[in-house]
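Chains F and X are the protein sequences, given in the same order.
Okay, so the first sequence: first residue is 1 according to the numbering used here, each after it adds one.
Okay, so the second sequence: first residue is 1 according to the numbering used here, each after it adds one.
Hints may contain errors.
A few chain F residues that face chain X, going by a derived Cβ cut-off under 8 Å, partial list only [to be verified]:
id, residue
1, 14
2, 15
3, 16
4, 34
5, 37
6, 42
7, 44
8, 45
9, 50
10, 52
11, 55
12, 70
13, 73
Honestly, the hints are just simulated from the structure, not real lab data.
Even for Gly, the Cβ is constructed at its ideal location relative to N, Cα and C.
Residue-level listing of the chains:
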Amino acid sequence: MLEIKCPYCGKRSQNEFSYGGDAKVKRPELGKEISDKEWDEFVYLRDNPRGKHSELWHHVAGCRQWFKVSRDTVTHKIFETIKLNEEL
Amino acid sequence: MQKYSIFSLIKNAFYDHQNWDVVWRDPEPKKEYEVAIVGGGGHGLATAYYLAKEHKITNIAILEKGWIGGGNVGRNTTILRSNYMWDPNGLFYEYGMKLWENLSQELNYNVMYSPRGIINLAHSDAQLNVYSRRGNSMRLNGIDAEMLGRKELKKMIPFADFSSSARFPIFGGLMQPRGGTARHDAVAWGYARKADSMGVDIIQHCEVTGFDIHNGKIEGVQTSKGNIKTKKVGLCVAGSTSLLAEKFNMKLPIETHVLQACVSEPVKPFLDHVVTFGAGHFYCSQSDKGEMVMGGDLDGYNSYAQRGNLPTLQHVLSEGVAMFPNLSRLKMLRTWGGIVDMSMDGSPIIDKTHINGLYLNCGWCYGGFKATPASGWTFAYTIAQDQVHELNSKFNLNRFNTGHLIDEKGTATKVWLG
Chain F
1 MLEIKCPYCG
11 KRSQNEFSYG
21 GDAKVKRPEL
31 GKEISDKEWD
41 EFVYLRDNPR
51 GKHSELWHHV
61 AGCRQWFKVS
71 RDTVTHKIFE
81 TIKLNEEL
Chain X
1 MQKYSIFSLI
11 KNAFYDHQNW
21 DVVWRDPEPK
31 KEYEVAIVGG
41 GGHGLATAYY
51 LAKEHKITNI
61 AILEKGWIGG
71 GNVGRNTTIL
81 RSNYMWDPNG
91 LFYEYGMKLW
101 ENLSQELNYN
111 VMYSPRGIIN
121 LAHSDAQLNV
131 YSRRGNSMRL
141 NGIDAEMLGR
151 KELKKMIPFA
161 DFSSSARFPI
171 FGGLMQPRGG
181 TARHDAVAWG
191 YARKADSMGV
201 DIIQHCEVTG
211 FDIHNGKIEG
221 VQTSKGNIKT
231 KKVGLCVAGS
241 TSLLAEKFNM
251 KLPIETHVLQ
261 ACVSEPVKPF
271 LDHVVTFGAG
281 HFYCSQSDKG
291 EMVMGGDLDG
301 YNSYAQRGNL
311 PTLQHVLSEG
321 VAMFPNLSRL
331 KMLRTWGGIV
341 DMSMDGSPII
351 DKTHINGLYL
361 NCGWCYGGFK
371 ATPASGWTFA
381 YTIAQDQVHE
391 LNSKFNLNRF
401 NTGHLIDEKG
411 TATKVWLG
């Protein structure tokens with residue numbers, strides 16, 4: 001069982017959260033002309049490291065806030081959890 | 001290769017089984033090979049075998065970081081089926097089913113192919129409609145499919161919950177009678193033995209650490225046992241594909257996740273088929289030893305750990321108990337996890353890359369085992385001919401760019417929540 005520290009509520013059990021994937025994916029700017037390749041990259045390509053991973057989690061059965069987590073994908077150690085408007 | 005038969009068994013019994021040949025050699029890598037396959041799992045071993053058999057290329061090295069059959073081919077729930085709706089999947093997996101049917105004879109190794117039938121249970125009228133659509137699509141592709149009613153199912157799987165208090169009442173089901181199971185370790189060992197006998201070098205405990213690429217062409221691989229020259233490299237490394245692709249600056253539409261499976265203590269025969277739960281993600285069958293073999297959802301977050309977490313297991317098994325209430329009385333014997341390469345549309349990638357001589361075989365999600373023969377066969381074709389075969393032509397990497405996704409589940413791109 002992972003214990004995840006929600007930046008708003010503190011440490012809670014994994015059961016209260018859902019996962020949102022790679023936190024580094026950025027949606028292309030609204031109204032900007034972009035190529036199919038750039039769009040393809042935004043939709044389908046994600047970081048998939050073995051080790052430290054920046055990811056989104058949702059405290060879905062709690063405060064319902066999204067936030068960022070830095071976690072190791074092998075040991076599952078959580079290094080840091082921060083609010084969405086902060087940088088990891 | 002020493003032929004396995006009832007006669008060789010009797011003959012060797014006289015010598016207390018001391019005279020059996022080693023099943024495969026343990027060679028040191030040569031300086032150069034015609035083809036190097038990275039990954040000695042089911043797909044890698046099958047690819048080498050079909051390269052040797054169909055394309056007469058035998059100067060092949062299989063480079064395996066651990067030991068052959070120690071990854072996902074030894075960690076799955078052994079299910080075989082081709083009950084897919086979309087043509088690219090249906091035709092590909094059905095080709096594989098035909099290879100499965102003769103595999104034991106072809107390899108002279110008993111893979112214990114057991115066509116016991118796979119039943120997908122439906123728990124509502126709407127789900128029955130969806131299943132009959134899938135069944136019809138399967139039949140149009142020449143794949144066996146039968147709709148089953150509640151009455152028939154009651155006879156076939158009497159221990160499922162047919163009571164009036166069932167949370168998810170069973171309305172009917174879709175069955176592929178030729179679907180079933182095979183002994184997964186035997187598949188790896190059978191392919192390894194046959195490939196080795198044809199001259200393929202299976203090199204274990206040899207990690208690929210880099211690729212020699214010049215002017216867009218592959219010239220060799222760097223390994224923990226030294227550099228090996230080769231003009232063709234095929235990757236069959238499942239959950240580790242992204243890590244190797246990173247070494248030649250390629251980012252793939254793949255996330256690596258852990259999928260768990262488990263077995264119960266052995267009990268007397270009570271389930272003759274493979275059965276899947278329609279109101280969640282749970283499937284089970286009974287092994288020849290009597291253990292219930294069970295699996296379901298991914299853990300739900302990127303993971304390279306070959307072990308899982310309890311909340312998912314609890315969730316999956318609660319679905320199992322909803323389907324077969326008497327499972328709750330069984331003790332768990334073992335649980336384990338394997339890391340799987342989840343592609344963004346849930347379908348595999350068997351394709352060439354932008355690097356000449358470098359070929360990709362990945363994105364098997366949680367369904368790689370049943371694909372083993374078909375994957376090896378088509379990947380061998382792609383490597384030998386330097387072009388895709390009709391069977392894997394739709395499993396290209398470019399589909400994510402052009403929008404031709406093979407979206408069997410109808411979920412489109414998503415984060416793999418399990």
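Going down the list of hints, with the structure as the test:
1. 14: 6 Å, holds
2. 15: 6 Å, holds
3. 16: Given a least distance of 11 Å, the restraint on residue 16(F) is violated.
4. 34: 13 Å, violated
5. 37: With a minimum Cβ separation of about 7 Å from chain X (threshold 8 Å), the hint on residue 37(F) holds.
6. 42: Violated. Min distance 10 Å.
7. 44: 4 Å, holds
8. 45: Since chain X brings a Cβ to about 5 Å from residue 45(F), closer than 8 Å, the hint holds.
9. 50: This hint holds: residue 50(F) lies near chain X, its Cβ roughly 4 Å from the closest one there, short of 8 Å.
10. 52: Residue 52(F) check fails; min Cβ-Cβ to chain X is 11 Å, beyond 8 Å.
11. 55: 7 Å, holds
12. 70: 12 Å, violated
13. 73: 5 Å, holds
Comparing the model with each earlier hint shows violations of hints 3, 4, 6, 10, 12; every other hint is respected.
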